[in-house]
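Participant: We have chain A; now place chains B, C and D onto it with these hints.
4 protein chains.
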Amino acid sequence: MRELLPDRKAELVNSFSNQGLMKTFNATLERVDHGHIEISMPYSDAVSQQHKFFHGGGIGALADSACGYAAISQLQDGEASLTAEYKINFLSPADGERLIAVGRVLKAGRTLIVCQGDVFVEKEGQRKLCATMLMTMCVVKNLSHK
Amino acid sequence: MRELLPDRKAELVNSFSNQGLMKTFNATLERVDHGHIEISMPYSDAVSQQHKFFHGGGIGALADSACGYAAISQLQDGEASLTAEYKINFLSPADGERLIAVGRVLKAGRTLIVCQGDVFVEKEGQRKLCATMLMTMCVVKNLSHK
Amino acid sequence: MRELLPDRKAELVNSFSNQGLMKTFNATLERVDHGHIEISMPYSDAVSQQHKFFHGGGIGALADSACGYAAISQLQDGEASLTAEYKINFLSPADGERLIAVGRVLKAGRTLIVCQGDVFVEKEGQRKLCATMLMTMCVVKNLSHK
Amino acid sequence: MRELLPDRKAELVNSFSNQGLMKTFNATLERVDHGHIEISMPYSDAVSQQHKFFHGGGIGALADSACGYAAISQLQDGEASLTAEYKINFLSPADGERLIAVGRVLKAGRTLIVCQGDVFVEKEGQRKLCATMLMTMCVVKNLSHK
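Residue numbers (this note's numbering), protein chains in the order written: chain A, 28 to 173; chain B, 28 to 173; chain C, 28 to 173; chain D, 28 to 173.
For reference, chain A alone in the conformation it holds in the complex:
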């Protein structure tokens, strides 16, 4: 795994800190590497569905961010990216204290970057895969991702 250049990493960390939704989620960037991003969020009622599990839409949003920043970590200078689409399958109820979304680049083309996201839920020290995502980013030239 290649490490990111310090400038690139600072830029990405700054972009993350400007995502209001990630602040609302109390989400934390746990790992920032070239094509590999991990983001965690604690459970709270603010991100729940009606059964007091994590809301599926919140799980999707966290995985979307992890995949998105994995793609951003591989952009060239002057490039930005937009989410084209994503698809998520829920594998287990997200019942626990914390979610960890792992986003990785599967294929970085000139125009499209395809990422895979895995979301784990932690409960009493056990980590369990609860969702998996395929996601496509579109590389654009004219939009800052800062």
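Errors might be hidden in some of the hints.
The list makes no distinction among identical chains, and a pair is therefore deemed to hold if it is satisfied within one copy or across any two copies.
[To be verified] Simulated pairs of lysine to any residue, SDA-like, Cα-Cα distance not exceeding 25 Å:
no. : residue 1 : residue 2
1   : K150      : L133
2   : K134      : P33
3   : K79       : V59
4   : K79       : P69
5   : K50       : S67
6   : K155      : S108
7   : K168      : G136
8   : K168      : S119
9   : K134      : A107
10  : K36       : Q77
11  : K155      : N53
12  : K79       : S119
13  : K134      : G123
14  : K150      : Q103
15  : K155      : A37
16  : K150      : I127
17  : K50       : R125
18  : K134      : P120
19  : K150      : V40
20  : K36       : P69
21  : K168      : R131
22  : K134      : D145
In short, the hints are calculated from the structure, not lab data.
Facilitator: Below, chains B, C and D without anything else, positioned relative to chain A:
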């Protein structure tokens, strides 16, 4: 379009009010019919991405809820449902004051309910389609959706 | 609905006739309009699964072609396109004599074209929706689609 | 990796041989294990698109079959399964002599089985990942998969 029975409607409205994420989003149930649900949310920094548009993950979460309640509106007594998966395509930047997610049931089977979601963004009185979703709910017998 | 220019239409029909898989399926272009394509295929054992229904993979392939040509019908001169991804939900068993896939452009951007596909099965004169697709094409400059 | 019971394996091999579409594709079951299936198909004009690569719809159909049989390999006696939906991302042009689709079960629940499919293309002895799939099977009690 069939109207829901008053009991069923009250139950659904109550379930929605227990979704912490929808509260966090300041989301409102705009329409509750048999197989057709509309949910809106205002723009705020709390649901933004780094460019001050609505976060794609938040758009997905809103559409997921609209589709989910469209499915729930067609359940039989004693049935509940869980999100199996969803897929969303982003069609335009979600730049505006308000989102409206429209969830409709495409096909309600005994075990699976397939829904379609359309998300519109409103800006200065204009409404524009900004995302579309396909979503699958799994009907279960042993989980309350209240 | 705008009609295609005669040249463009001839080019598209020619491209379709060069798709070996569509020949294998005995598929027919039923309608070619700007952003709207219909393709049919008859049932035969050659496209079946083990229960003598249409194979889900064949249904996906037909919808993929309908969506792909819907996108191609809206390309500019000198542009070509590649399938980025698709997602299909199966709504009813594809038990019948004929499939008709309808592909339509939902949104044509400069880089991405998002299409929706609906697949109908015909049995004894009745037409039933059996599958629905969301599909993304990527516009490229350097590949002929002829 | 657990091996399948001989009876179960024979049943699955028999089901595969009854899929007309797999015969049309000259597809071969390369590996049959508990939750892990590999299917190959040679290139021919019969499965091509207009550029003489493998047709994306054919790639999807092969991956769908590999995922489907991976799910079937884990069914209990008296159970059958139906494809609910799949989503495929194309990563590289499928330019080569042979495709190999690898289907694996990610999560087998009582009602839903979620599978992952990877499709490789072989060209002059080199194997390259060209597509990846997420796919959901629905377990049913009343339909033979033989």
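Participant: All hints are to be evaluated individually against the structure, with a verdict given for each.
Facilitator: Hints and how they fare:
Only between protomers do K150 and L133 lie at most 25 Å apart by alpha-carbon distance; the minimum there is 20 Å, versus 29 Å within a single protomer. Within a single copy, K134 and P33 get their C-alpha atoms as close as 23 Å, which meets the 25 Å cut-off; across copies the closest is 38 Å, which misses it. For the identical chains of this complex, K79 and V59 are inter-copy neighbours only, at 23 Å across copies versus 30 Å inside a copy, given an alpha-carbon limit of 25 Å. Taking the closest pair of Cα atoms, K79 and P69 come within 25 Å of each other both inside a single copy (13 Å) and across two copies (24 Å).
Proximity of K50 to S67 under the C-alpha cut-off of 25 Å is found in both arrangements, the shortest distances being 12 Å within a copy and 21 Å between copies. Only between protomers do K155 and S108 lie at most 25 Å apart by alpha-carbon distance; the minimum there is 21 Å, versus 30 Å within a single protomer. In the homo-oligomer, the alpha carbons of K168 and G136 lie at most 25 Å apart both inside one protomer (14 Å) and across protomers (15 Å), since each shortest distance falls under that limit. In this assembly of identical chains, the alpha carbons of K168 and S119 lie at most 25 Å apart only when taken from different copies (17 Å versus 39 Å within one copy).
Proximity of K134 to A107 under the C-alpha cut-off of 25 Å is found in both arrangements, the shortest distances being 16 Å within a copy and 21 Å between copies. Taking CA atoms no more than 25 Å apart as the test, K36 paired with Q77 passes between copies only; the shortest distance there is 16 Å, against 37 Å inside one copy. In this assembly of identical chains, K155 and N53 lie within 25 Å of each other by CA distance solely inside one copy; the values are 21 Å within and 31 Å between copies. For the identical chains of this complex, K79 and S119 are intra-copy neighbours only, at 14 Å inside a copy versus 33 Å across copies, given an alpha-carbon limit of 25 Å.
When the C-alpha separation of K134 and G123 is checked against a cutoff of 25 Å, the pair qualifies only between copies, where the shortest distance is 19 Å, while the shortest distance within a copy is 32 Å. Neither within a single protomer nor between protomers do K150 and Q103 lie at most 25 Å apart by alpha-carbon distance, with minima of 39 Å and 30 Å respectively. In this homomeric assembly, K155 and A37 never come within 25 Å of each other (Cα to Cα): the closest approach is 31 Å inside a single copy and 34 Å across copies. Taking the shortest alpha-carbon separations for K150 and I127, only the intra-copy value of 12 Å comes in at or below 25 Å, while the best inter-copy value is 34 Å.
For a Cα distance limit of 25 Å, the shortest separation of K50 from R125 qualifies both inside one copy, at 15 Å, and across copies, at 20 Å. Taking CA atoms no more than 25 Å apart as the test, K134 paired with P120 passes between copies only; the shortest distance there is 12 Å, against 29 Å inside one copy. Taking the closest pair of Cα atoms, K150 and V40 never come within 25 Å of each other, the shortest separation being 27 Å inside a single copy and 30 Å across copies. For the identical chains of this complex, K36 and P69 are intra-copy neighbours only, at 24 Å inside a copy versus 32 Å across copies, given an alpha-carbon limit of 25 Å.
In this assembly of identical chains, K168 and R131 lie within 25 Å of each other by CA distance solely inside one copy; the values are 22 Å within and 28 Å between copies. When the C-alpha separation of K134 and D145 is checked against a cutoff of 25 Å, the pair qualifies both within a copy, at 16 Å, and between copies, at 13 Å.
The earlier numbered hints that this structure contradicts are 14, 15 and 19.
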